[in-house]
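The residues making up each chain are set out below.
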Amino acid sequence: MRLKRSGASALLLECRDGDEVEAWRREVVRRREAGELRVIDIVPGARTLLLDGVEPGTDALLSSWRAHDFVGVEHREGSLVKIATVFDGEDLDDVAARWSMPRERVIARLTETNFTVAFCGFAPGFAYLRGLGPEYAVPRLDTPRQRVPAGAVGLAGDYCGIYPTASPGGWRLVGRTSETLFDVRREPPARLTPGTRVQLVAT
Amino acid sequence: MITVVRAGPLTTIQDQGRSGYAHLGVPRSGALDQWALRRANALVGNPPHAAGLETTLLGCALRFERAAVVAVTGATAVLKLDKLPVTPRDGVIEVPAGSVLDIGRAARGVRSYVAVAGGLDVELVLGSRSTDTLSGLGPPKLTDGTSLPIGDESGQFGPEVEFGARDEGRRDAAVRAASRAVDNSAGGAAAGARAVDDGAPLGGSAGSVSPDVPGWAGEAAAAPEDQEATAAGGDHIELGVWLGPRDDWFDANELFSSEYQVSPMSNRVGCRLSGAALPRIKTGELPSEGVVLGAIQVPADGQPLIFLADHPTTGGYPVIGVVDDVNGLAQARPGSTVRFRALD
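Protein chains in written order, with my numbering: chain A, 1 to 203; chain B, 204 to 547.
To be clear, the hints were calculated from the coordinates, so they are not data collected in a lab.
Virtual Cβ for every residue (Gly too), placed ideally from N, Cα, C.
Any given hint could be a false lead.
Okay, derived cross-link-like pairs now, EDC-like style, lysine to aspartate or glutamate, Cα gap no bigger than 16 Å in a straight line [to be verified]:
no. : chain 1 : residue 1 : chain 2 : residue 2
1   : A       : 4         : B       : 451
2   : A       : 82        : A       : 104
3   : B       : 485       : B       : 454
4   : A       : 4         : B       : 326
5   : B       : 344       : B       : 326
6   : A       : 4         : B       : 547
Listed next, the stretches of chain A that the computed footprint assigns to chain B, with coverage defined by at least 3 CB atoms under 8 Å from CB atoms of chain B [said to hold, decoys possible]:
no. : region
7   : 41-49
8   : 102-116
9   : 190-200
Label-pair ranges, simulated between beta-carbon atoms [what the hints assert, rightly or not]:
no. : chain 1 : residue 1 : chain 2 : residue 2 : range
10  : A       : 94        : B       : 486       : 24 to 30 Å
11  : A       : 33        : B       : 270       : 43 to 49 Å
12  : B       : 542       : A       : 82        : 53 to 59 Å
13  : B       : 292       : A       : 60        : 50 to 56 Å
14  : A       : 74        : B       : 460       : 47 to 53 Å
15  : A       : 100       : B       : 460       : 48 to 54 Å
16  : A       : 103       : B       : 542       : 35 to 41 Å
17  : B       : 250       : A       : 146       : 38 to 44 Å
18  : A       : 143       : B       : 443       : 15 to 21 Å
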């Protein structure tokens, strides 16, 4: 992990991969809850963890942590969220062609993958799910759709994502769910938070 | 209760914003000029977290159904009470029941803040009453006829709230994304188009363009006093910048030796600049990463965008540096010149 500054009161932790990001995220959350450090926002990215709203000296504090105690260490699995999904996306055949397999095997691949929420972004509650692996990466649509409905399940890069609300979107759509993914009256408002394990279940 | 008589092009409810939800993709939002909102709240005896109005360029008009104590800060604008010019006393205006307070066009600056004793009592969404123009959280932008409830809690906060050091507003400080620079990784170009439509960029959307300020909306340049307004567009702003986290993608000297102009495409998501393009010395794609308020994001065209309150929580373009205090940018008119100064 490499530390970079992002302004006067934020640090960006650069990690090797999503696993290391998740290990650091969990550790920072744990130590914040234990009162060992103060930070307002803990924001994972694809290869980074942003700590926004930290006090001076936090860089030295992080450097003093023994990373091998928590990076690469098996942890008790977090909560598992099952998302009931209808696999009838407009781009399902396109994805099948790109993966050189029939639709049925695409669906099997997606339902057998143990996804983890890597990070959220784009819109409140939009989770980037990792777990497919780089060999299944697909490019975004050249021309994004003007409107993707809420609950649409899509692929872009090697991430899977579910649109919490209707919006324009460039991900390749493989299915849909009727689950509510973001609700400001719930705490936390997002169903899929960083670190959450996710399984797509065909219905 | 307040009834909005004239909503203007973009008037929204704002407070200190919703922090602590960035990891769920929720923007911070909140007043762009935190310092001005804080001062307005203090003048009427509100706590710093009370919600007020942020009105953009052309102001707004409000009818107070019951008597109220009101303060207006931020941009310089003519204030009228029942169509007659009014001067605040000790910073406040005592508005009689049934009267209409009109906040006129900004002669200097861009955004005026209106605080009402008791605060605006709209529903809290994730701990804030702010309208987020990027995600749509919070109350919708004001339209003519909107009713705004006034809170009744001003007394319990004591008379005068300390203004605090200017630095205090910095972290809390807080325009929908102009298309390319924002991380539209899930939305692509279409999301950008939506952003421009809903985000009321400062240049407006139609009409002729004033000769004095590039891209200035024609409808914003009709009355005689506008000549003064447009003449005030050429302010000079110097911004302190902490380099990084991705300064190694650029020749950072370019940033400090160039002069930029505030683009009329600026909005609550970001202050878009135009000038010498910042060339990349490193190619490739940056995986999405968390971004902070004031981050200077440099998209492929090399024209920097400084993230303001409604900025997306993650971005896919490299951030060359972070502006230390973005409050001043809330008042930066299109055409203003911006220079950067290195901090360390």
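Hints, verified against the model:
1. Distance restraint check for residue 4 (chain A) and residue 451 (chain B): the Cα-Cα separation of roughly 11 Å lies within the 16 Å cut-off, and the hinted pair is therefore satisfied.
2. The straight-line distance between the Cα atoms of residue 82 (chain A) and residue 104 (chain A) is roughly 20 Å, outside the 16 Å bound, and the hint therefore fails.
3. Of the supplied pair hints, the one linking residue 485 (chain B) and residue 454 (chain B) holds, its CA atoms being roughly 10 Å apart against a limit of 16 Å.
4. Simply put, residue 4 (chain A) and residue 326 (chain B) have alpha-carbon atoms about 38 Å apart, too far for the 16 Å limit, and the pair is violated.
5. Pair hint residue 344 (chain B) plus residue 326 (chain B) holds up; C-alpha atoms about 14 Å apart against a cutoff of 16 Å.
6. Distance restraint check for residue 4 (chain A) and residue 547 (chain B): the Cα-Cα separation of roughly 14 Å lies within the 16 Å cut-off, and the hinted pair is therefore satisfied.
7. By the rule of at least three residues with a Cβ nearer than 8 Å to a Cβ of chain B, the coverage given for the region 41-49 of chain A holds, with 9 such residues.
8. For the region 102-116 of chain A, the proposed coverage by chain B is not satisfied: 0 residues have a C-beta within less than 8 Å of a C-beta in that chain, short of the threshold of three.
9. Closer than 8 Å: that is the beta-carbon criterion, and the region 190-200 of chain A has 3 residues meeting it against chain B, so the requirement of 3 holds.
10. Between residue 94 (chain A) and residue 486 (chain B), the C-beta spacing of about 29 Å keeps the proposed range 24 to 30 Å intact.
11. Distance hint check for residue 33 (chain A) and residue 270 (chain B): the Cβ-Cβ separation is about 48 Å, which falls inside the suggested range of 43 to 49 Å.
12. Against the hinted window of 53 to 59 Å, the Cβ-Cβ separation of residue 542 (chain B) and residue 82 (chain A) comes to about 54 Å, which satisfies the hint.
13. For residue 292 (chain B) paired with residue 60 (chain A), a C-beta distance near 51 Å keeps the hint of 50 to 56 Å intact.
14. Hint check: residue 74 (chain A) to residue 460 (chain B), Cβ distance near 51 Å, so the stated range 47 to 53 Å holds.
15. For residue 100 (chain A) paired with residue 460 (chain B), a C-beta distance near 52 Å keeps the hint of 48 to 54 Å intact.
16. Evaluation of the 35 to 41 Å hint for residue 103 (chain A) and residue 542 (chain B) yields a failure: the beta carbon distance comes to about 57 Å.
17. Hint check: residue 250 (chain B) to residue 146 (chain A), Cβ distance near 43 Å, so the stated range 38 to 44 Å holds.
18. Checked against the given bound of 15 to 21 Å, the beta carbons of residue 143 (chain A) and residue 443 (chain B), roughly 41 Å apart, lie outside it.
Violated hints, in rising order: 2, 4, 8, 16, 18; the structure is consistent with all others.
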